[in-house]
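Peer 1: In order, the protein sequence lines correspond to chains G and Z. Be aware that the first sequence starts at 9, since it is given in my numbering, and climbs by one per residue. Be aware that the second sequence starts at 2, since it is given in my numbering, and climbs by one per residue.
Source of the hints: derived by calculation from the structure; they are not laboratory data. Among the clues, some could well be false.
Mimicking SDA-like on lysine to any residue, the simulated pairs with C-alpha atoms at most 20 Å apart in a straight line are [claimed, not checked]:
1. Lys-381/Z with Met-357/Z
2. Lys-219/Z with Pro-158/G
3. Lys-283/Z with Phe-142/G
4. Lys-283/Z with Ala-139/G
5. Lys-283/Z with Met-149/G
6. Lys-79/G with Met-357/Z
7. Lys-266/G with Gln-259/Z
Label-pair restraints from in silico Cβ distances [what the hints assert, rightly or not]:
8. Glu-169/Z with Thr-167/G: 37 to 45 Å
9. Leu-150/G with Glu-169/Z: 54 to 62 Å
10. His-87/G with Thr-115/Z: 45 to 53 Å
11. Pro-173/G with Pro-414/Z: 50 to 58 Å
12. Lys-82/Z with Leu-136/G: 32 to 40 Å
13. Phe-141/G with Ile-113/Z: 44 to 52 Å
14. Lys-68/Z with Asn-159/G: 50 to 58 Å
15. Leu-136/G with Arg-206/Z: 30 to 38 Å
16. Lys-68/Z with Gln-84/G: 50 to 58 Å
17. Pro-32/G with Asn-110/Z: 51 to 59 Å
18. Trp-86/G with Thr-128/Z: 55 to 63 Å
19. Thr-115/Z with Leu-150/G: 17 to 25 Å
Covered stretches of chain G, as calculated for chain Z (at least 3 residues, CB under 8 Å) [claimed, not checked]:
20. 31-38
21. 61-70
22. 201-213
23. 234-247
24. 261-274
25. 296-306
Idealized CB from N, CA, C, for every residue including glycine.
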Amino acid sequence: MNILPRRRSRDEASGAWYPRWYWPGFALPGTLWLLVLFVLPFYVVISIAFGTVDPVFQSPLPVYEPWWWTKRYLAQEWHFATGEFRPVELRTIVYVILATAICLVFAYAVAYYVARFGGKRKGLFLALLIAPFFISYLMRMLSWVELLQPNGYVNSVLTFLHITPHPINWLAGVPFTVVMGLVYGYIPYMILPLYGFLDRIDQSHLEAGRDLGANRFWTFLRVTLPLSKPGILASLVIVTLPMFGDYYTNNLLSGSPKTTMFGNLLDNSMEATGQGPEAAILVLFLVVFLMIPMLYYMRETAKAQRNQ
Amino acid sequence: MTRREVLKRSGAAAVLLSGGGALLDACSKPGTVSSGGAHANGPGVGSYWPAGSPYPLARQDAPVTWKLWREPIKSGLAPEKGATLQIYNWADYIFLKVVKEFCAAYKCNYQITTFNNMDEGLAKMRTGQLQFDLFFPTPDVLGKLITGKLLQPLNHSYIPHLVSDVWETYQNPFYDQRWHYTVPYVTYTTGIGYRRDLIPDAQIRGMSNPYEIFWDTKFKGKIGIYDDYREAISMGLLKNGLTDLNTGNPKYINQAQQTLISLINAVNVRTSINGVYIGIPKGTFDIHQAWSGDSVTSWQYTPVQNMKTWQTLGYWFPADRKGPVFNDTITIPANAQNPVLAHHFLDWMMTYKNAMLNFSWNGYQPAQRQADPATLTTTKGYYGEPYVFPWLSDAVVRESDFHTGYFEEELTPQVDQLWHNAWQAFNSG
């Protein structure tokens, strides 16, 4: 009988026999999901990027046959991507790195506290961590727009405490505001996966570290931190990828060309008549760029699995 | 409708542009059309027909008459009974009270669907699946809509108030001669909105080039322009002394781009779409490029509702009325399910009383003969305040503005690309 070797022992142990397709069959819904909701739409994006526009309506006209694809828009956008868009690209990278780093520091501290010291109140803390998801990202940003107005509460408090003599125009294209907006918006997405990983760390590992003479600091540095590396990487991926395409944080909290991010260029193209292929090309550029951290994440995850 | 059907429709549109002569051969490259023969059998007649354009482009000095691709509905038909009037309009652009009163008079229901920009509006119209009775396009997309046979010709006998109540200009607008497909909805100009308590009227009116106020470093961080590439680059052109807001000259477009870019370093300019009616009243902006309708209605958004606060809201438009001027239109889609009711609605909106009620709410002025510019600042509207506050008199649109002002009209795709590139360069900082 030709049964998959890895399955056989477990199957034999339970006394049950499964046909060969049984276990792989569980991947079918996920595969279909991926095919219908990722592969096909992505092919449409490619078909638009290398397609054309409707001669009357100027709307994107996807070309599904690769032999009819045109590289006109690719050449045009490549020219911009390596020229006029360069400051935006660099700015986006800097903003995302800064925001992610700040997110990581705060999210790790919160997740660590809840996982290690949450005790009986863990449930409450978890509910509080999930609370931001009850309000949409847009609404949370809009509330900050109100708070950061020249006559808003933030300035009222700062001037009342004499931290600043005059109200600060936080919304006047201030990079700090945009970065903090990204941090505020995405930090819940980092805390939860980090908490998941930290909570699963076996307590006996920490005790072993302490038994071997390490103090709290060194136990954290030598045991907790390395064990939570997959969690850190996963949360970085979860947060970083959407940040690179984010446009409404900058739209709402700044609106200045000085803080334009790559997502804003994409958004501008999407909203302009006849710019559909250009927008699709920019999407492809972003996808290719984001493959770099994604591949690194996959390599590290595979390495961690091998080590286990 | 599936994407395939949408594409088939796109193909059909492509066929139309050459009067049926240019077929999308099954073996030919998608999206391509043959040239030639289009003028004779084209969808309209006009003297400005750039190479590659599937229809004539309307200009103030080159008006377009669109052909009737089908007969209008017959005269004297009774309005559809128990119908639901499907209105497809910009978000927050029509006073519900006006619609409700119409429905009470004609015993119908209504359903309003909104779009946020013209592309979005066109995209849904093109599917043909959503059967709207009324659509509110800007004049610069009429060529697309009529070439795609998405609008139906109007039967003027249902709309007598356009002749009796509306400016004569709109009985023969340059973008739709003999108003075959459109009636005017509202009119507006683009000028400068500002805080009068910070910038006296006399100061801005006394400037040799008031557009230079955008470069005043005193207001750094509190200056905005519209997040709209046509409006923004047009402002750059006007600042540079150019008045052709449809120019295809790369040199002028590039100069306008550089002008706008210089704004970033000078005053850290920001772009917004609601900066006039929300940003200025809240103090986020002191100066903002402004549509007259936004300025007129901005008093409704001040945090403190009193005359002293309202008096801080200013609007400037050139005294010689040589500035950007526009209007939106109302049309009836080809597949409207209640075309008779829709015709009656057009007439309803052309009636002085209803048009002015709508004006009270949305701040955008209808092209009404009785809306005398001299009395608009003293006549009280629905909310008990003048339609236009006296200090905003520059925001009152006059019929003559459509002879002296400059229209932003449809560009060819090649020219549009130049404008868009300039906008992206500006946005890149």
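Peer 1: Take the hints in turn and mark each one as holding or not.
Peer 2: Cross-check of the supplied hints:
Distance hint between Lys-381/Z and Met-357/Z is fulfilled; the C-alpha atoms sit about 10 Å from each other, no more than 20 Å. Distance check on the hinted pair: Lys-219/Z and Pro-158/G sit about 16 Å apart at the alpha-carbon level, within 20 Å; holds. The suggested pairing of Lys-283/Z with Phe-142/G is violated, with an alpha-carbon distance near 28 Å, which exceeds 20 Å. At most 20 Å may separate the alpha-carbon atoms for a hinted pair to count; Lys-283/Z and Ala-139/G exceed this at roughly 30 Å.
This hinted pair checks out: Lys-283/Z and Met-149/G have alpha carbons roughly 17 Å apart, not beyond 20 Å. The straight-line distance between the Cα atoms of Lys-79/G and Met-357/Z is roughly 52 Å, outside the 20 Å bound, and the hint therefore fails. With a CA separation close to 15 Å, the supplied pair Lys-266/G and Gln-259/Z stays within the 20 Å bound. Between Glu-169/Z and Thr-167/G the CB atoms are about 57 Å apart, so this pair departs from the stated range of 37 to 45 Å.
In this structure the hint that Leu-150/G and Glu-169/Z lie 54 to 62 Å apart at CB is violated, the actual value being about 45 Å. For His-87/G and Thr-115/Z, the hinted distance range of 45 to 53 Å is not satisfied, since their beta carbons lie about 37 Å from each other. Judged by the Cβ atoms, the range 50 to 58 Å given for Pro-173/G and Pro-414/Z holds: they are separated by roughly 53 Å. The supplied range of 32 to 40 Å is broken by Lys-82/Z and Leu-136/G, whose beta-carbon atoms lie about 56 Å from each other.
The hinted window of 44 to 52 Å between Phe-141/G and Ile-113/Z is violated, with their beta carbons roughly 31 Å apart. The hinted window of 50 to 58 Å between Lys-68/Z and Asn-159/G holds, with their beta carbons roughly 56 Å apart. A hinted range of 30 to 38 Å is violated for the C-beta pair Leu-136/G and Arg-206/Z, which are about 56 Å apart. Look at Lys-68/Z against Gln-84/G: about 36 Å separates their beta carbons, and that is not inside 50 to 58 Å.
Separation of Pro-32/G from Asn-110/Z is about 54 Å and conforms to the stated range, judged on CB atoms against 51 to 59 Å. A C-beta distance of roughly 33 Å is found between Trp-86/G and Thr-128/Z, which places it outside the suggested range of 55 to 63 Å. Between Thr-115/Z and Leu-150/G the beta carbon distance is about 19 Å. The supplied range of 17 to 25 Å therefore holds. Under the rule that three or more residues need a Cβ within less than 8 Å of chain Z, the assignment of the stretch 31-38 of chain G is violated, with 0 such residues.
Interface restraint, the stretch 61-70 of chain G with chain Z: holds (9 residues with C-beta to C-beta distance below 8 Å; minimum three). Requiring three or more residues with a Cβ within less than 8 Å of a Cβ of chain Z, the coverage given for the stretch 201-213 of chain G is violated, as only 0 such residues are present. Here the stretch 234-247 of chain G counts 0 residues with a CB under 8 Å from a CB of chain Z, which misses the bar of 3, and the coverage is violated. Under a criterion of three residues with beta carbons nearer than 8 Å to beta carbons of chain Z, the stated coverage of the stretch 261-274 of chain G is upheld, 9 such residues being counted.
Here the stretch 296-306 of chain G counts 0 residues with a CB under 8 Å from a CB of chain Z, which misses the bar of 3, and the coverage is violated.
The structure fails to meet hints 3, 4, 6, 8, 9, 10, 12, 13, 15, 16, 18, 20, 22, 23 and 25 from the earlier list, while all remaining hints are met.
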